[in-house]
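Take the given structure of chain W and dock chain L to it, following the hints.
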Amino acid sequence: MRKVTLEINGKKVEKEVQDNTLLSTFLRDHLNLTGTHIGCDTSQCGACVVHVNGNSLKSCTALAADIDGSKVTTIEGLATNGKMHPMQEAFKKLHGLQCGFCTPGMVMSAVDLLQKNKKPSDTEIRDWLEGNICRCTGYQNIVAAVKEAATKM
Amino acid sequence: MASLVGSRVERKEDKRFLTGKGRYTSDINLANQTYAIFVRSPHARAKIKKLDISKAQKSSGVVSILTGSEIAEDKIGGLIAGWAIRSEDGTEMKCPANPPLAKDIVNFVGDPVAVVIAESLEEAKVAAEKVSVDYKVLKAVTSTADAMDGDTIHEGIDKNLCFDWLLGDRQKVKEAFEKADKVISIDIINNRLIPNAMEPRACLADYNSASEEITLYTTSQNPHLSRLIMSAFGNVSPEHKLRVVAPDVGGGFGSKINVYNEDIVCSWAAKKINRAIKWVAERSESFLTDIHGRDHVTHAELAVTNDGKFLGFKNETIANLGAYARVFGTVTPTYLFGPCATGVYEIPAAYSNVKAVFTNTAPVDAYRGAGRPEATYTIERLVEKASMELGIDKTELRMKNFPTAFPFKQTLVHTVDSGDYVAGMEKAKQMADYNGYEARRKDSESRGKLRGIGVSSYFEACGIAPSAAVMSLGCGVGLWESAEVRFNPTGQVTVYTGSHSHGQSHQTTFAQIAADELGVPIENIDIVHGDTDKGTFGMGTYGSRSLTVGGIAIVNACKKIVEKGKRVTAKMLEASPEDVEFKDGEFIVAKSNKKKTIGEIAFACYLPGVRDEMKSPLPEGEEPGLKETAFFDPSNFSFPAGTHIAEVEIDPETGEVKLEKYTACDDFGRIINPMIVEGQVHGGLAQGIGQALYENAEYDETGQLMTGSYMDYTMPRADNFPEFNIGYTCTHATTNPLGVKGCGEAGAIAAPPTVMNAVIDALGGQEITMPATAEKVWKACKNLKKSNSKAA
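Protein sequence lines correspond, in order, to chains W and L. Under the working numbering, the first sequence has 576 at position 133, and the numbering climbs by one with no breaks. Under the working numbering, the second sequence has 788 at position 749, and the numbering climbs by one with no breaks.
Just chain W, with the same shape it has in the complex:
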């Protein structure tokens, strides 16, 4: 066990965690931030993507103890004062989600893409999202939503 101090969605969190507690488990089971989803056990699906110090990360690939001192943003922290982030708005407007399970990871990943590439092409969006699997949408409306968000961010 060790103590970790993190800033999660703008709030300071101090908790005792086991050395082997995954960040995804920490968020879901210790903090009840269940918007971060677990869709696989091989770090392929991307449903658990969050931002750590501003960069997207599959939270099932990090130990909570390893990121002590970091700033974490989860899907719950993306909206500000109840107003959805432009990426969330774009997903809604363009039907970029169906069952919603991959959505948090998809949105967090897409936000990071636009941080790094303000006007990505279709190909660049599709390449970037290679680490996020969606079984419902066929990705087309997700790509459209990312492009739409790019015009608003």
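Hint data in this document are derived by calculation from the structure and do not stem from the laboratory. Just so it is clear, CB atoms sit at the ideal spot from N, CA and C, and this is done for glycine as well. Please note that the accuracy of each hint is not assured.
[What the hints assert, rightly or not] Here chain W is said to cover these stretches of chain L; the calculated rule only asks that three of the stretch's residues, wherever they fall, bring their Cβ under 8 Å from a Cβ of chain W:
no.: 1; segment: 52-59
no.: 2; segment: 321-329
no.: 3; segment: 538-547
no.: 4; segment: 711-717
no.: 5; segment: 758-766
What follows is chain L alone, placed relative to chain W:
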């Protein structure tokens, strides 16, 4: 008031999913809950010689360990096949018992033998490792094609044959083939797939010892049906003491229709230990134990004349059921497959013969399209081959055999009420620039690439289904749907539907329908589903039935509300009910300016008393309140149809297939929300193209799943697809008041043959099996080069 039906209304469900407020089963935790881990067979077929839990029981945190013996002692029933199919010789199908925990014999890798329940997940995992099972490993049967020659898996089921089913007339087909100028034949495999909804299955069972109620939260497409099966066949609890809640469910695609072992075991065990039990599948467990889809081996023949008229069709298929027959396991390769195998064509004589076999693999059941993708793949591969062999353009050959009038009495079972297949074909050709293909092919050729174009035309029987019809075909339940429309006194509306949304957008589309029917603003309408305590019994969501059956139940319940509203208005305004008209949320007395809004009527319905000057608004004998229920049982299936066209470019040096263009032109009847229909088409296409190019479930000869993770099973990614070009034609269904046909499965049905026809066209007609991986295609390119150089 503008109609909402037909409008691109944004989804009511989205905000919670986009802000992390969705509530999936694995998100729910109960006080004092325990955690379950299932001990599963590592062998495909084995006898359990000894199961020793003594070490595991001493492991830290263990609450209870239960095995197949306790399940048997408590007379907990097994998992069932929902449809009884008869063989050609009239005998009933043969199915093995499928206990929730295997006691004596295991039949596939992943078959559960024990459950370990502990205070924490980690402790349950550690203890499960200590359960010692001594197996006598037996030779597994894994191949679909050879299953009938393998060892008998289930005692008393000879040749591993569940049934040998026939639909159609062999003699008529024989005569038709005798008249043919040419017989086109094909041998195809419809590859095995794993549905892979992104949310792994999960359940959380709770028991209240005072009320003796079990509450089961589970990832189900049909909570009421699950409750019925668990109660009537599983003997878990009387139905009134079992509440099944399917909250937000992260995709289903058929894989969450079944009641699974874990649902039954956790519910039963929660009562036994008097505590809540949570189980969440790891993805590797999903791969092993979720139902799989497809897995057919087919030989089919088409008898044709030289000028391209179809005379007869034969379909000889072996369908793999896996280790056990489950809810839709036996109907998927029969009535959902056989009738549709003659496709969109007038074929005077046809039969489908299906031998369904057991193997030591995960159970195979309904996966998006269920039977109809296999049917469409069979006929559309065959027709494409016929076009090559006859030298007739693939679109002309199809149109030559399309029905010319509707209703279209399809050869084997269905009477298709409406459609216009020629219009669909013409529009698809135009959208795809079919006539400009040759220029694109030459361009590819100039760059050293091979280009191919593939077409398929499909129809499907969905909107399942008329109870009388399906029960006569062996279904164990009626497939009607229910709806309850409840007005609050202050005018908002709650609609409970017995169908279930796990991505399909019921909260939005059903609210659009109710808003139009009732004239109530959509923001004042809530759609509720997924909880057996919240509404009337329902049959759930599969077979593109939510709208075509469940949506119509909502329409009918709304109409009952309006009828009552007319009676109440008449009383209040001293008119005759026949003179009251309803429009845009207002009850208007004809030829007067007297009217009441539906909100006023709802309020009045809850205030039936008399005081001083106030009279009761309710006519004599009318009950207070404003709530109506409707059960809708359709008179026929619904029949979406369409034509899809794909173009691929192949790099002969690497065998890589690039899907360059994909055009879908579908007829879904009336469209409630075009945005949502687009999404359904895209998703179906992705799964269908996935089957054709990427996905494949493979077992080795010992029955180990070789594709048991996302590193081995290729899930289509964003960069695998071009932008789909989709469009519609529209003929309304005549069998329901909305004229709707269903859209959820079309893409998965039409895409595999469309893409494979394009790939095979590019390869000069060489057959290859799905998925068309780079390795297979590269080898075919080599062959092509050889045969081309010989020809030169």
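Of the numbered hints stated previously, which ones are contradicted by the structure, given in increasing order? Of the numbered hints given earlier, the structure breaks none, since each of them holds.
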